[in-house]
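Chains as they are written, first to last, in the working numbering: chain A, 1 to 233; chain B, 1001 to 1257; chain C, 2001 to 2622.
Hints should not be assumed to be uniformly reliable.
[What the hints assert, rightly or not] Below, in silico cross-link-like pairs of lysine-lysine (PhoX-like), each with a Cα-Cα straight-line distance of 20 Å or less: (1) 2215(C) x 2132(C); (2) 1018(B) x 132(A); (3) 211(A) x 23(A); (4) 1055(B) x 1018(B); (5) 1110(B) x 2507(C); (6) 2123(C) x 2215(C).
None of these hints come from the bench; they were simulated from the model.
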Amino acid sequence: MLEVSALNSFYGKAHILNDLSFKVERGEVVALLGRNGAGKTTTMKSLMQLVRPRSGQVIFDGTRITGLPAHKAARLGLGYVPEERRIFSDLTILENLEVGRQRPREGAPAWTLEALFELFPNLWERRNNRGKAMSGGEQQMLTIARTLMGNPKLLLLDEPSEGIAPVIVEQMARTIVRLKNEGLTVIISEQNLHFARMVADRAVIIEGGEKKFDGSFSELEKHPEIRDAYLSV
Amino acid sequence: MTAVLKVTDLVRHFGGIKAVNNVSFEVAPGELRALIGPNGAGKSTCFNMLMGQLKPTAGKVFLNGEDITGRPPREIWRLGVGRTFQITGTYQSMTVAENVQMALISHNRKLFSVLPRAHRLYREEALDLLETVGMVDQADRACAILAYGDLKRLELAIALANSPRLLLMDEPTAGMAPRERINLMQLTSDIVRDRGVSVLFTEHDMDVVFAHSHHIMVLNRGELIAEGSAAEVRADARVQEVYLGGGTLFAAEDAHA
Amino acid sequence: MAMGLFVAQLLTGLANAAALFLVASGLSLIFGVTRIVNFAHGSLYMIGAYVGVTLMNVLPGHFGFWGSIVLAGLITGLIGVVIEMCVLRPVYKAPELFQLVATFGVILVIQDLALMIWGAEDKLGPRAPGLKSVVRILGEPVPQYDLALIAITPFILFALWWLITKTRVGILVRAATQDREMVGALGVNQAWLFTGVFFLGSALAGLGGAIQLPKGGADLLMDLNIISAVFVVVVIGGMGSITGAFLASVLISVLNVFGVTYLPQSTLVLMYVVMAVVLLVRPYGLFGREEKAGEHGQVGEPDRPIRPFGKMGMALTSLLLLGLALVPFLGSSFAQVLIVDILIFCLFAASLQFILSTGGLVSFGHALFYGGGAYAAALLMSYADTPMEVAFILAPISAGLLALVVGWFCIRLSGVYFAMLTLAFSQLGWSLVFQWNEVTGGDDGLVNIWPSAWLSDTTTYYYFALVFVTAGILFLRHVIHAPFGYALRAARDSARQAEATGIDVRKVQWMSFALAGAIAGLAGALFVFSKGSIFPNELQISKSFDALIVVFLGGVKTLSGGIVGATFLEGAKDWLIRLEYWRLVLGLVIIFVVIIAPDGIVGTLRRLGERLGLRRQEEFMR
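Between the sequences and the hints, there should be enough to build the whole structure, so can you do that?
What follows is the structure, given as structure tokens:
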């Protein structure tokens, strides 16, 4: 579904991604793990073509997307949920969803408003409220729903559990599992290993923009030194 | 000894959200103190209130016993607070030395002078400061072409220009390679020791925090939930839950297995 | 009876608001999404009027009249699309100043194209069929067409409101106003969206031009005539707000009509006074929001560190000055007069360059201080019997004080708002001079402002001007290298860092604005005594634009850019204005420079010199 090879990205002068390569299979949920500043968000933005990688390539579902404008990547079925949520705060929830709407596409679950409101019941109650009147958790739900309106094949979730209440985090985990069951391929970036393990099939750990580990969670458990070096204290 | 910085019941609301809620602490002379916490915990808001970029909703900030709450950044700087930013804000159109000279010109209140040539003013002092941060060999390079780690060191030299009593450093090592991080924090520790400056910094890299700070405070959802030495903070159950997380949960489950 | 007159005037004002609202809402819409202030918007309004009048003469009857208006709108919209695709697309990522200059280029091109197609003669607009007579309201005659306009405007407002709030396109437009990149990441083609918005905005301007035909007709000055009113409306209403544009259009139009009756001498002034008052209370207009500085900066990538002149630079400058000093021995008095004109323009351009480049403040009203200085000298001579020498010294001081007052208002804003406000203030100054006949002589200007006897000889005045221009430019150069200049650059490079190291950014910028104003005033004083007279056009928009264009052509980055550009343009002007369509040529050159060589003459030469190894290649070049 996605093949990333030797990606190098810069942010001004800072070299953020360093020859990053990994693969994601169809229907898989992969967690991109690493500490703050490890390069997770830049990876997500580079996949979405919001940051232009200086070298390397990204092949999505057989198409080389490196160098395409972001909207073309989105039209090919790449869905992006940013870390800062970036909902349109002056627009109502329904209008936010409308911005994300795209035609259904082959090989991806097709979403309707009804299906999304069933998935995120809170949003239905507040459908005519403006984005700025929502809590952090609701905003997070809305960004995911907005991206799902584009009927993506692959969903990029940047730090979905960040800054939201534990209860919502659980709800978020259930949602991601449900999306996987619908047949969606998902990449989530996370700092919270516990959360990642609940939802993902595989972990890719990065540090300083380089890949340090790529494998299943059970494999990771066998290497506590990796976990200690790159994930926590 | 009185505290260099004293913060009492600091509160800041954004709309209905309490970004910072009743935060109180003190920074002692010569202390290197870290403020950590998850993203969105209120660290930057806190910093911006200390430095005058934001006005607190309630609470007071004292510098050497003087109330500085709500004063603009430039006045707080004149009272002896240097600052470095998460994203560096050096003057791109000047050389490295001129960047430091600019701060010295400001410190000596020569900003509105139109007679002397600025690049000759306080050059020796500027070179001394650059020496301190190990940048003197790059003094005449254009700032715009510096490597990232060098920009950070330059920023530190600028912050030292008015011999501050207190340095506020917002994520000093963000975006740096591990080797550079260690160097920069070593440099900061040296400065604290040699000049008797106090430092308050935020940081995400726990290696940096645990290795270099005398005292650590943990902020979560705008409130201080723990503070103490590295060992104390590491052992704190709430801190593990909200911030350090992951590893400990993991370890706990390992134990069960 | 007074009541009848009052109502009639109110109705006239409301009718006049129609066209203004159409143009202003289009400008606002385009700004909201693309963040470009389209100075050529008045030109689109003019095109709408010309196209409309042409169609009306061909198409008969009711259908012909109203159909022509709609068609004029659509055609103008398509022309807007061409402009967007050819001129603006390449500069969306460029700094704000470059975008604005590109739209100046478009103004010039359209002016000459209109002259080519429709000729210099004013076109009278046909009256609307079936609405040719007047209705008596409370005894006062009110044209039927006015009533029709009053009836139509709310529908247009409603249609726009519906489009923006209820349709998918409107939702996308509002989303893009807030976060363009995110809209793109959700699969919306922004290029298409931008073009669409530009079409709509241009079509609205075209409609505005066509709909006012029965009241005004079409002429070649209507582009610049409406643009300042439109800016006032948009600034009062708040950039990007359609409702704001509507309310402000009504306010300004009604005010104008009443002004004509009760304060006939101050109609123009009134508009700007209202604007100043609104901005004093709400700096971003009635419905506007705080604007962050442009995302690509105002004048482009960082400067290189400045260095004092090397030996080569010193030698070249001395040689140039020596050459200029020898001119009276070699050249005719005509050459001396021409060179004085060039010198004065150089000083004026250098003063603009100073705040623009070193200060990062893009002022659109710099002619106010140039003309202000000139008028100060002229007024002192005419009314206070001031000796010429004293008047000459007081002129830059007055201009500096004027800049101090204007700067107090403007410095509080940044980016586009700063530019618009400086423009509006300069228009305020112009209208004051233009309408205050008793004092300023209005359009007839002030004449017989000659220098003292010892300076009256052409050659003596030539040296006088040479000394003051050289001194002024060297002084500015010195200031740039002095602590004050450094502080100004610091404020521009990183306001946050500057504030965090004790620099009062606003105060530094304010003082630099005043200094630039004083130097412009000095240029103005040199001008008035060289010509012996002064007219309001010396502080009109076009004078400010000239200076901006000159600085831009010369190169934004260095002080020499303004000087080289001024010399080039003022020198070329003599040759250029012999061409019938010189505006077209100049406009195309400007657009070409913006897109192909944004470094201007000096920057391009410098780069070329480095490539050829004539100049030390700085490590700055990556």
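Structure-based check of each hint:
Pair hint residue 2215(C) plus residue 2132(C) holds up; C-alpha atoms about 11 Å apart against a cutoff of 20 Å. With a CA separation close to 16 Å, the supplied pair residue 1018(B) and residue 132(A) stays within the 20 Å bound. Between residue 211(A) and residue 23(A) the alpha-carbon distance is near 12 Å, which keeps this suggested pair within the 20 Å criterion. At roughly 14 Å between alpha-carbon atoms, residue 1055(B) and residue 1018(B) fall within 20 Å of each other, so this suggested pair holds.
For the hint linking residue 1110(B) to residue 2507(C), the alpha-carbon distance of about 14 Å falls within 20 Å, and the restraint holds. Taken as a hint, the residue 2123(C) and residue 2215(C) pair is honoured in the structure, with Cα atoms around 12 Å apart against an allowance of 20 Å.
When held up to the earlier numbered hints, the structure conflicts with none and fits them all.
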